[in-house]
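Our numbering puts the first residue of the sequence shown at 1, with every later residue one more than the last.
Keep in mind that the hints were calculated from the coordinates and are not lab data.
Any given hint might turn out to be false.
The list that follows gives simulated cross-link-like pairs (lysine-lysine, DSSO-like), each with its CA atoms no further than 30 Å apart [what the hints assert, rightly or not]:
#1 K41 - K232
#2 K196 - K127
#3 K196 - K119
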Amino acid sequence: MSDNLTFALIPARGGSKGIPRKNIREVAGKSLIARAVSIAKDCKMINKVIVSTDDNEMAEEGMKHGADNCIIRSDILASDLALSIDVWRDAWLKAEELYSLRFDFSVLLEPTSPLRTVKDVELTLSKIIKEKLDSALTVSPTPAHFTPNKTLMIENGKLKFYHNNGINNTLRQTIPNYYHRNGLCYAVSRKQIFEKNNIVDNFSVPIIIERNVVNIDDPFELKQADWMLKNKLN
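Put together the whole structure using the sequences plus the hints.
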């Protein structure tokens with residue numbers, strides 16, 4: 001266990017438009033909340049595992065699988081428009097009050113990214129602790145055909161390149177490397193949340209995940225994650 005006090009936050013809102021009750025849906029026989037909690041519990045660098053939710057069933061599922069506590073969100077923080085940083089800050093303050101402790105670091109593990117490993121979390125958290133940083137997160141390489149250079153928009157019924165130089169970037173080899181957040185792990189210092197007032201900024205450092213992962217937003221991705229976990233592709 002690290003000398004630094006760290007808690008894991010599992011955000012699990014009850015409402016979901018793409019997949020109803022998404023956070024308690026199962027992949028490979030285990031709910032998304034249960035998978036996130038289990039990974040956090042297996043990480044020796046984490047002192048407490050907290051679920052933040054507005055839903056009693058989500059709270060019960062988290063506690064059943066080993067969460068140390070559940071924090072019930074206000075109606076404002078349970079809305080579609082609630083910002084992740086506000087949810088995280090709320091949970092941080094309530095966890096400190098609950099345990100009469102001051103947490104130095106925290107990781108956020110989105111249940112909708114179930115292909116994470118303990119190693120993913122430990123690498124991300126270790127990065128900011130050992131190098132005295134404030135923010136690190138897992139990212140995945142963006143396929144060339146999804147990059148800004150290849151992205152098109154429709155204006156007045158006609159296609160237009162999103163990127164100013166897109167028309168000149170037709171070869172994959174000429175496109176710069178882009179990355180996107182995959183939700184496996186965000187790690188921050190207390191300073192990042194309470195002083196810098198953001199989760200990711202231009203000083204955040206990447207933990208690049210080269211293997212294929214899924215961030216579930218629709219029924220197809222739910223089936224994809226289920227298949228990948230059953231075939232041990234994480």
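Check your understanding: When you check the alpha-carbon spacing of K196 and K127, does it fall within 30 Å?
Key -> Holds, at roughly 18 Å.
Practice item. Could you grab the alpha-carbon distance between K196 and K119 and see if it respects the 30 Å cut-off? Key: holds, 27 Å
Check your understanding: Is the Cα-Cα distance between K41 and K232 30 Å or less?
Key -> holds, 20 Å
The structure agrees with every numbered hint stated previously.
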